[in-house]
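Visitor: Please take these sequences and the hints and turn them into a complete structure.
Under our numbering, the first residue of the sequence shown is numbered 21, with each subsequent residue one higher.
Keep in mind the hints are simulated off the structure, nothing from the lab.
Any given hint might turn out to be false.
As the list claims (entries may be wrong) - Estimated spans, in silico, between C-beta atoms of each pair:
hint: 1; residue 1: V267; residue 2: V163; range: 40 to 50 Å
hint: 2; residue 1: L145; residue 2: S49; range: 43 to 53 Å
hint: 3; residue 1: S49; residue 2: A109; range: 18 to 28 Å
hint: 4; residue 1: R232; residue 2: M67; range: 28 to 38 Å
hint: 5; residue 1: R232; residue 2: L62; range: 37 to 47 Å
hint: 6; residue 1: A159; residue 2: L62; range: 39 to 49 Å
hint: 7; residue 1: A159; residue 2: W189; range: 45 to 55 Å
Virtual Cβ for every residue (Gly too), placed ideally from N, Cα, C.
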Amino acid sequence: MENERRVQQKTPASRYALLDELRGLDLISMMLYHACWDLMFLFGIWMDWYIGWPGRLWQQSICWVFILLSGFCVPLGHHTLKRGAQVFAAGALVTAVTLLFMPEDRVVFGVLTFLGSAMLLTGLLEPLLKKIPPAAGLAVSAVLFALTYHLDERWLGFGGLRLALPDAWYANYFTAFFGFLPFDFYSTDYFALLPWLFLFWAGYFLHGVVGRARMEPLRRSVCPALGWMGRHSLVLYLLHQPVIYAVLTVWAMIFR
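Guide: Written out as structure tokens, the structure is:
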């Protein structure tokens with residue numbers, strides 16, 4: 021109880037504690053998902069459900085929440101460009117380390133590279149984005165996200181409405197950054213600018229739709245430990261895979 025009180029006292033009064041805690045909860049879900057990935061592809065423990073729709077649903081829930089929440093929190097900060105540059109640099113570090121030490125499991129255009137790019141673009145375009153009515157921005161962003169969701173499968177649309185895209189658009193790693201990945205592209209973590217920028221912007225405009233007045237209940241803390249994780253999500257993201265791999269390696273040495 022005393023530890024919980026100390027964590028609560030360290031929570032900045034100006035923050036919306038529940039947003040940090042939701043980010044922390046999503047971070048735990050991501051860590052568990054990546055632990056399962058390591059068990060499957062590095063330690064040879066096969067799980068049919070993981071490569072089926074339950075695993076896909078789990079993976080999508082993690083990234084949807086994280087990206088929406090990241091966009092939602094942009095208006096709460098005052099240094100979007102600086103934060104975007106930091107996150108992009110962290111993504112570049114992950115790419116460099118994986119290319120150097122584990123090229124067969126390399127990360128190219130991973131989630132940190134995407135989030136950094138989305139923050140930088142949003143920071144640059146914010147004077148224009150602020151002129152768009154939030155409800156209209158949310159609706160348009162949601163529709164564009166749905167339209168471009170299958171861009172990596174070389175078509176636009178949803179349901180039975182499909183528009184095939186030219187193969188020439190899917191040319192190289194430069195086009196892959198925008199969502200047009202060539203057949204020889206490989207990355208264990210891939211989040212292109214499209215469609216995910218539209219989900220990020222959906223979160224940005226959702227903030228305006230909700231409004232600050234209705235966000236006051238979000239200041240209440242439910243689990244301070246999750247809030248601490250949410251406030252340090254970038255560092256924890258960078259550290260979690262080496263730690264998980266080390267723990268699983270020790271476990272394999274002892275029990276296998």
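Visitor: Compare the structure with the hints numbered earlier in the document and write down the numbers of the violated ones, lowest to highest.
Guide: When the structure is compared with the hints, numbers 2, 4 and 7 turn out to be violated.
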